[in-house]
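Going down the list, the protein sequences come from chains A and B. Sequential numbering of the first sequence, starting at 1, is according to my numbering. Sequential numbering of the second sequence, starting at 1, is according to my numbering.
It cannot be assumed that every hint is accurate.
[Said to hold, decoys possible] Under the rule of at most 25 Å between Cα atoms (straight-line distance), these lysine-lysine pairs were calculated in the PhoX-like manner: (1) A:212 / A:194; (2) A:212 / B:208; (3) B:212 / A:208; (4) B:194 / A:208; (5) A:19 / A:289; (6) A:357 / A:289; (7) A:357 / B:208; (8) A:19 / B:427; (9) B:212 / B:194; (10) A:289 / B:289; (11) B:19 / B:208; (12) A:427 / B:194; (13) A:19 / B:120; (14) A:357 / B:194; (15) B:427 / B:357.
Simulated from the structure, these hints should not be mistaken for lab results. Just so you know, these numbers come straight off a predicted model, no measurement behind them.
There are 2 protein chains.
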Amino acid sequence: MEAEEIHEPDEGSDAYALKPELFAELRAALEAGDAETIDRLMEPLHAADIADLLEQIEPWERRELIELWHGGLDGEILSEIEDNTREEILGYLSPEQLTLAVRELESDDVVDLVEYLDDKQQEAVLDYLEPLDRVAVETALSYPEESAGRLMQVETVRAPQHWSVGEMIDFLRAHPENLPEQFYHVILVDPRMKPVGNVTLGRIMSSKRSVKLWDIKEDIFVTIPATQDEGEVAYAFNQYHLISAPVVDEDGRLVGVVTIDDAMIVLSEENEEDLLLLAGVGENTVSDKVSATVRRRLPWLAVNLVTAILASLVIAIFEEAIAGYVALAVLMPIVASMGGNAGTQSLTVAVRAIATKDLTGSNVLRVIRRETMVGLINGAAFAIVMGIVGIVWFGSPMLGVVIAIAMVINLVVAGLAGTVIPVALEKMGVDPALASGTFVTTVTDVVGFFAFLGIGAAVLL
Amino acid sequence: MEAEEIHEPDEGSDAYALKPELFAELRAALEAGDAETIDRLMEPLHAADIADLLEQIEPWERRELIELWHGGLDGEILSEIEDNTREEILGYLSPEQLTLAVRELESDDVVDLVEYLDDKQQEAVLDYLEPLDRVAVETALSYPEESAGRLMQVETVRAPQHWSVGEMIDFLRAHPENLPEQFYHVILVDPRMKPVGNVTLGRIMSSKRSVKLWDIKEDIFVTIPATQDEGEVAYAFNQYHLISAPVVDEDGRLVGVVTIDDAMIVLSEENEEDLLLLAGVGENTVSDKVSATVRRRLPWLAVNLVTAILASLVIAIFEEAIAGYVALAVLMPIVASMGGNAGTQSLTVAVRAIATKDLTGSNVLRVIRRETMVGLINGAAFAIVMGIVGIVWFGSPMLGVVIAIAMVINLVVAGLAGTVIPVALEKMGVDPALASGTFVTTVTDVVGFFAFLGIGAAVLL
Numbered sequence: 001m002e003a004e005e006i007h008e009p010d011e012g013s014d015a016y017a018l019k020p021e022l023f024a025e026l027r028a029a030l031e032a033g034d035a036e037t038i039d040r041l042m043e044p045l046h047a048a049d050i051a052d053l054l055e056q057i058e059p060w061e062r063r064e065l066i067e068l069w070h071g072g073l074d075g076e077i078l079s080e081i082e083d084n085t086r087e088e089i090l091g092y093l094s095p096e097q098l099t100l101a102v103r104e105l106e107s108d109d110v111v112d113l114v115e116y117l118d119d120k121q122q123e124a125v126l127d128y129l130e131p132l133d134r135v136a137v138e139t140a141l142s143y144p145e146e147s148a149g150r151l152m153q154v155e156t157v158r159a160p161q162h163w164s165v166g167e168m169i170d171f172l173r174a175h176p177e178n179l180p181e182q183f184y185h186v187i188l189v190d191p192r193m194k195p196v197g198n199v200t201l202g203r204i205m206s207s208k209r210s211v212k213l214w215d216i217k218e219d220i221f222v223t224i225p226a227t228q229d230e231g232e233v234a235y236a237f238n239q240y241h242l243i244s245a246p247v248v249d250e251d252g253r254l255v256g257v258v259t260i261d262d263a264m265i266v267l268s269e270e271n272e273e274d275l276l277l278l279a280g281v282g283e284n285t286v287s288d289k290v291s292a293t294v295r296r297r298l299p300w301l302a303v304n305l306v307t308a309i310l311a312s313l314v315i316a317i318f319e320e321a322i323a324g325y326v327a328l329a330v331l332m333p334i335v336a337s338m339g340g341n342a343g344t345q346s347l348t349v350a351v352r353a354i355a356t357k358d359l360t361g362s363n364v365l366r367v368i369r370r371e372t373m374v375g376l377i378n379g380a381a382f383a384i385v386m387g388i389v390g391i392v393w394f395g396s397p398m399l400g401v402v403i404a405i406a407m408v409i410n411l412v413v414a415g416l417a418g419t420v421i422p423v424a425l426e427k428m429g430v431d432p433a434l435a436s437g438t439f440v441t442t443v444t445d446v447v448g449f450f451a452f453l454g455i456g457a458a459v460l461l
Numbered sequence: 001m002e003a004e005e006i007h008e009p010d011e012g013s014d015a016y017a018l019k020p021e022l023f024a025e026l027r028a029a030l031e032a033g034d035a036e037t038i039d040r041l042m043e044p045l046h047a048a049d050i051a052d053l054l055e056q057i058e059p060w061e062r063r064e065l066i067e068l069w070h071g072g073l074d075g076e077i078l079s080e081i082e083d084n085t086r087e088e089i090l091g092y093l094s095p096e097q098l099t100l101a102v103r104e105l106e107s108d109d110v111v112d113l114v115e116y117l118d119d120k121q122q123e124a125v126l127d128y129l130e131p132l133d134r135v136a137v138e139t140a141l142s143y144p145e146e147s148a149g150r151l152m153q154v155e156t157v158r159a160p161q162h163w164s165v166g167e168m169i170d171f172l173r174a175h176p177e178n179l180p181e182q183f184y185h186v187i188l189v190d191p192r193m194k195p196v197g198n199v200t201l202g203r204i205m206s207s208k209r210s211v212k213l214w215d216i217k218e219d220i221f222v223t224i225p226a227t228q229d230e231g232e233v234a235y236a237f238n239q240y241h242l243i244s245a246p247v248v249d250e251d252g253r254l255v256g257v258v259t260i261d262d263a264m265i266v267l268s269e270e271n272e273e274d275l276l277l278l279a280g281v282g283e284n285t286v287s288d289k290v291s292a293t294v295r296r297r298l299p300w301l302a303v304n305l306v307t308a309i310l311a312s313l314v315i316a317i318f319e320e321a322i323a324g325y326v327a328l329a330v331l332m333p334i335v336a337s338m339g340g341n342a343g344t345q346s347l348t349v350a351v352r353a354i355a356t357k358d359l360t361g362s363n364v365l366r367v368i369r370r371e372t373m374v375g376l377i378n379g380a381a382f383a384i385v386m387g388i389v390g391i392v393w394f395g396s397p398m399l400g401v402v403i404a405i406a407m408v409i410n411l412v413v414a415g416l417a418g419t420v421i422p423v424a425l426e427k428m429g430v431d432p433a434l435a436s437g438t439f440v441t442t443v444t445d446v447v448g449f450f451a452f453l454g455i456g457a458a459v460l461l
């Protein structure tokens, strides 16, 4: 890794954002083919910022920049780039550039780089690795996608459980070249390579040489099965404030270590996934092309169309009522919209609570009770407001009563549906963020239209 | 801290969730007043899990559990509990229990515990601290809310920049009692206490005693101003894969250190905030009471009511058209609903990209262009479908044409509004997750109804 330093950040909310002036200068330099200026502009940037920069410029600018810049794309930059852009770039890198890029990475970063490549590309990249590194990467790739086995690095620092501080320090000094770039714990293992404890480097350094590692091991110790889902791994790190945790195979033997920086990335991705799923966008990012974006959004809109037609069928039942009393058509979207919003509120709180394991069998009934009460209270409040609006706007007290009753019904149903639907999906093994939104708004649309138009038709005509 | 071990997690998606049987047994023991069983059930649990457990049971169960359980609420558990529940518990803890709880915490955890208490309660807790700890906590509290100064711990491990590995290790061994519980770097400082570099413990341990710390310092080094927003701090940790970073005052002098586990919590909270804001729920959690929940959701529903009425006013313009051609009323929610969904899709992608600094001045025009194209393509696709539905359902080719045109218009507008509105809010210094949703659906409702009913009135009557 080359030396790099982050410029002292300005205060304020854009401390770490790339500056617009940088883009302007860079584009001018690209247009002029001025490699020297490009080198000067790129030099102070951190690999992660270079990755962001590459994602934000146009594809042709990207290609030109990579060709002109003498710094060259190293493995660190490549592993920071978001999947689609990376795939594009890998397509035109020379074999020499690729070799240089992958050789300097830790095994987990190489895995991250190649896991979504097609078999042929993957094979090509792996060919550039040293034999031992290649075995490490292939082992990781043998674990399921999005598992701890994919996330871990195979390079671990371990010691027999009977070692002393002095033995440990001597061992580390004797083999500095074998140590991973970052490590925070020494993992104690028993003779069969099962991890039995973690010792922080801080404790080792501040203890006398004669002290046994076993006596200064951490109080909390979590081992992670290699097949465990990476979302669970991230949860464990966040919940138990872990810094690193050993990964074990099915026999309980040490096969690698997951560190908190990787867990943090997963946590952030999982949160993003929930957010995007709730909005019905799958894995869409701003750097996706038009075709990829259409592909990711159209199916969700299609589902929404079906449910919207369902709601329209309910309206169609009351065609005559509407023709005879047009105010019903004017006001009906209000009841549906309020229900949809209240349902989305309940739903989002529930989905989030399920993800953080705060909504479980032990409190689901309490939450449902609370949501019903909240729906009732909010419904009553807006029933009064809308009742008055109905009277003032259309001069009909009965219309006011009808919309008020429909409002209460729909907001109670919204609270119920917003909680029960994600909980039920989760019980069925479906991600509650997926599809919940559509189900909930379908329920609130149908119930909203039915209640308002049904009561209206019965009372007003 | 007492010794604790996480039971080997089962595989599957609920590896770390609290088991329903635990709650059942605990409730039975509470009912029977059986303190022994309670102790046995609580003993293997980690502080973070105990906190979750306390949040999930009823308030009266909580109080009884705390009274019966001999383990006692320590500071670690308290600092893990979510704000509302914690405030309730602090209300009935005895002064002795509080003293015990806060004394064993690092300064950043004490800050976290007391920062949202009212002045009197805060004063009471601070009184239990040793004078030096008290100064540390009060210094942190002097920084703005949600700043790096609040997040940092004041206990740092630092060394003059000219020290060698040997000097460092001797120093650490001589004063083990002064070391923080967890630390990952030694911070090198110049004579005026300005941090000039970070050395990882791993590098120190694997280097010879004569090696200068300066020569093995990390390549990447970020210092964080104490007044920086905690969201920016979390971004820096995630972006640059930091493990710990020194915090400096306005003169650039070292005042503390932020570690990645705290940054991870902030990142997770910021993501949660975005998710909840987008759904219009503020800081609502499943453990909030009914009154708190109503208070957090009602204002957003009120805003939605105003915008829904706005949409109804648009419909009211076309009352006559609807009375004469009821199919318009039946189909109009479809156009609005599709627009609202497409707008939410664009919006969510944009809000997320703004949060991760992937949508900036450098690519905003490209993203807007893309969103317009996506809107056009999706609009055209659904225009064809709805055109056919219009013809088949109502036997009117012209109605099909009308809804098709309205669909294209609304989906293009949705893509535009979903991107432009959050970008504009962000430019104005408003959190783009806040209120964007309401603005976007207002636009798509109004445009959708206006386009469909307007064209319909002109063409069909």
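For each hint, the structure was consulted:
1. A:212 / A:194: Answer holds: residue 212 of chain A to residue 194 of chain A is near 18 Å, not above 25 Å.
2. A:212 / B:208: This hinted pair holds, its Cα atoms lying about 22 Å apart.
3. B:212 / A:208: Judged against 25 Å, a Cα distance of about 22 Å means the pair holds.
4. B:194 / A:208: 30 Å, violated
5. A:19 / A:289: 24 Å, holds
6. A:357 / A:289: 36 Å, violated
7. A:357 / B:208: 47 Å, violated
8. A:19 / B:427: Holds, at about 14 Å.
9. B:212 / B:194: Holds: residue 212 of chain B and residue 194 of chain B sit about 18 Å apart, inside 25 Å.
10. A:289 / B:289: Outside the cut-off at roughly 45 Å; violated.
11. B:19 / B:208: 50 Å, violated
12. A:427 / B:194: 54 Å, violated
13. A:19 / B:120: 45 Å, violated
14. A:357 / B:194: 42 Å, violated
15. B:427 / B:357: Holds, because 13 Å separates the two Cα atoms, which is no more than 25 Å.
Checked against the numbered hints given earlier, this structure breaks hints 4, 6, 7, 10, 11, 12, 13 and 14; the rest are met.
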